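Starting from the known structure of chain P, arrange chains D and F on it as the hints suggest.
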Amino acid sequence: MNRSRPLWIALLLMWSLLPMLWQLITSFTSGDALVNSDIPFQQRWTLAHYRELLSGDPPFWRYLLNSCLVGAVSTLLTLLLAVPSAYGIARMSQASRRSIRTVVGAAALFPYVLLFLALLELAREFQLGNNLLAIALPYAGLALPLALLLLISAFEGLPNELDDAARLEGLGLLDRLRWVLMPLIAPATASTGILVFLFAWNEYPIALTWLSRDDLLTLPVAMARIAGSSIYAVPYGAYAAATVLGSLPLLALVLLCQRQIVAGLTNGAVKG
Amino acid sequence: MNWLLALPALLLMALVFGWPLLRYGWLSMHASSVLTGLEPVPNQGANWIRLLEDPRFWQDAVQTLRFGAVSVGLEIVLALAMALLLDQRWRGRGVVRALSLLPWALPTTMMALGWRWIFNTPYGPLEQFAQAAGVAPLNLLSNPDWTWFATVMADVWKTTPFITLLLLAGLQTIPDDLYSAFRLEGGKTRQAITAITLPLLTPYILISILFRTAQAAGVFDLIQVLTGGGPAGSTESIAQYAYLNAMRFLDFGYSATVMLAGFLLLSLVIFTAALLLQSSGLFRPLKS
Amino acid sequence: MPVMRRLLLMLMGLLLAGSIGWSSVHRPEQVTILMPAPFVDATAAQVKRFNSDHSGRILLKVIRGPRDTESISDLAISSLLLGTPPFDALLVDVTWLPKYVAADWLQPLDPWFDSDAIDSLVSGAQLGNSVDGALYRWPFGADVGLLYWRTDLMPAPPQTPEELIQIAQDLRTDGKVKEGFVWQGRQYEGLSCNFVEFLSAFGGAWLDPETGQPTFDSQAARLTADWMQQLITQGTSPLAVSNYAEPETLQAFKIGDAALMRNWPYAWAELQSDSSAVKGRVGVTTMVAQPGESPSATLGSWGFSLLRGSQHQQATAEAIRALTSTEAQRDRFLMQGYTPTQASLFHDPELLDASPVLPQLEKALSIAEPRPITPLYAQMSDLLQRQLSGLLTGNRDPDQALDQLQGATLTLLRSAGGVS
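Those protein sequences? They're chains P, D and F, same order as listed.
Residues -14 to 257 in the working numbering are what the first sequence spells out, letter by letter.
Residues 263 to 550 in the working numbering are what the second sequence spells out, letter by letter.
Residues 383 to 802 in the working numbering are what the third sequence spells out, letter by letter.
Just chain P, same shape as in the assembly (with noise of 0.2 Å):
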């Protein structure tokens, strides 16, 4: 095992990089090139992908800060609403917490991509649609369950004596949480926070029909549609410049933030 282990972390590596590093290089490579491979090697590469999507209509930075905007807002909402409702979870009798661990652990396994006709119509009835602030609220409501889990947990990792002696201190429940509760839960906010960003940063489905307008749109149903202008030529390079693109962002998220989201997963979620 030790012997051969460089072989398997090259391996390990390989499989998870090779697709984006192929990735990348077509996305320095000329269209023509791409499709033949008798173009001598100082000839393929290009920039022009890149150019073509940012000075496209709308360009692909808008994007970019259409899906940084709906991940924050989303973020933002899903923990204002998850640390309270958490904090109350975790303080109800045995029975209550069981009952409702089992429904939130069951929404969290609900496959969310077939509720997305009735959460139209609801877009529809309340003219959420094309909307990058309201789509937060689906988002938000999709993301609680693994939100509720993994805070939950966390609020029942606290000893209850720290609760009691700040009440004893007269402190009120506001003051409680933001004083003496939210700093001990902080890591698990942080990395709830980074999963639900995650979420809302890839969510495909109900962007696609909850945005239509060509300036909304978020990264994965941009990237769909971006396709090249071009009904001459295979659109591959255009669509690897986007993925670099639309890629970067996350890559640094994950890159910076690894700790925390190992973290999070590890505490909560296999207790639920």
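In short, the hints are calculated from the structure, not lab data.
Please note: incorrect hints may appear among the correct ones.
What the hints assert, rightly or not - The calculated lysine to aspartate or glutamate pairs, modelled on EDC-like cross-linking and capped at a C-alpha distance of 16 Å, are: (1) F/Lys443 - P/Asp42; (2) F/Lys558 - F/Asp534; (3) D/Lys450 - D/Asp439; (4) F/Lys430 - F/Glu700; (5) F/Lys443 - P/Asp200; (6) F/Lys661 - F/Asp534.
Please read these numbers as outputs of a predicted model, since none were measured by experiment.
Only chains D and F this time, still in chain P's reference frame:
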């Protein structure tokens, strides 16, 4: 007071998860399509009869199950290997861990486009490779017998890191003392995996299976972008069929029926699986 | 807790950046039209001219939709379902029209386009614009399926299905060309378009014109299915065509890899460009047909439809008229090769001078064959594509495939919408 705090979140969840199910139940008993001017008209269960007689729905159900079973199976095996590798101590482990997590973080639609290019005939790298090896053309995306496996590969690539994470967490709960004791008694490292690691990891594996099966049952983005359900409908999932019915055919009554039926089928599968696991004694309640 | 605070700050920053980049400018009497990306480029000059002609009164804005027909259909439908579509008119594919009308999304165009205007259209362009006697669509360009052939490889194009296979096979055996016949075999709408032409070649029709019932149990359907399968099994067409859409087909023909190609008129201009390896060696004709059967050319074409809820109907109609004026059509034909719809333009000396294939286009338009005109078309076509795709890629038994197709189409017609 506790309930008051809990309520807003629970209400939003009820709205997002509960209301659609009720609505689908109601819609599935109505015709609501281009033939009714998109207005719901009661139709005495005709949607359900149509569903029972619709070979395509059942074909999609089988395909969805096949996709889920094979990808989750592969993912568990691969993730176990990856987790064991990443749990050992070696230089640079942190970096490799972070890098191997990356596929999971990328939006599915993005990498689905990437895979479409990688599997492309004749310009994709795999096809070029096959050409060099003299076995081209592979026609990876136009083979009704095998294209579903291409979608499985793309799914395995993306979600294995997630399971790896869960299993890594499980591995970290196993105290090192257990292993040293085992070695003291003369056990080999390899035997330790079956004697200690796997049994103690079982709950984590089960939860991964449960979670991933449910997710795989709702597979949509990946297939929509990678194959669009083709060739010959061989990769179409239930969610996609429901989407087609609603957004392309404007048949909302039937779309709701398909979704509700898909949900019921999935619940059935998960419930049976849970029962089987429980009776097999593998499942032990976890300490919370 | 630092981690927490940093994340919160990050989120706030993102929020702020988002709302700043998101402000919009308000403009009076703005008309917005949704088009697939290629048409946006094709109309750019005319849109500019329209805006300078109407400056201060109407501002025409074009939304650049996706290129792919299915994606733009998804986009249009989700906009319409959401209730307040962000456009006044859109380009509608000929097959969507009955569905959109049934969904009550469109406003009739009769007040702005009278019967004289309709009569001035070339015959093929007159089809597929009306539902139940009301005009709901004004054609953007005429579009029908064509057979492209290589003038340097054969003295004359094939006339019958057998001849097509024969010529292609001979050329392949002689090593003169890599592939014989390329067409659109991917599981998507293009496959249905190809099928309609192939089916006519053997004297069949998708729906029986008398009864409106599917006819996949006919001899013609059987011969067509056999022939399509043969194309691939005998190597006349590469197996890869079963994953080809228009771009891949054109690519293969353009680099000189194929002797024959089924495609739309737009391909002509590209084949005559400098990057084309077959420039000046391409002829255009209509699809083959059995002796005694008349060939057909599947009617494609996009057209402008006005949305029922539009607040700017008059202005939108003016914009549609400008974008489809004789002048605009002439420009688009000369610049981008889009086929005109005005009958008079097919005899315009300047146009004839620019393109020797115009008479062929007119001929093809005269045999234009619409796909079934029903709100259920999308489902019907989807059923067809699935079975055909199975036939092409999986070597399925044609009898069985057609049998299932017939049954499924019948079930659909009976139970779609679930009205009992």
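Hints, one by one, checked against the model:
As the CA atoms of F/Lys443 and P/Asp42 are separated by approximately 12 Å, the hinted pair is consistent with the 16 Å bound. Between F/Lys558 and F/Asp534, the direct Cα distance comes to roughly 10 Å. Compliance with the 16 Å bound is thereby established for this hinted pair. Taken as a hint, the D/Lys450 and D/Asp439 pair is honoured in the structure, with Cα atoms around 15 Å apart against an allowance of 16 Å. Restraint check for F/Lys430 and F/Glu700: the C-alpha separation of about 14 Å stays at or below 16 Å, so the hint holds.
Proximity of F/Lys443 to P/Asp200 is assessed by CA-CA distance (about 13 Å); at most 16 Å being required, the pair is judged to hold. For the proposed pair F/Lys661 and F/Asp534, the alpha carbon gap of about 11 Å is at most 16 Å, so the pair holds.
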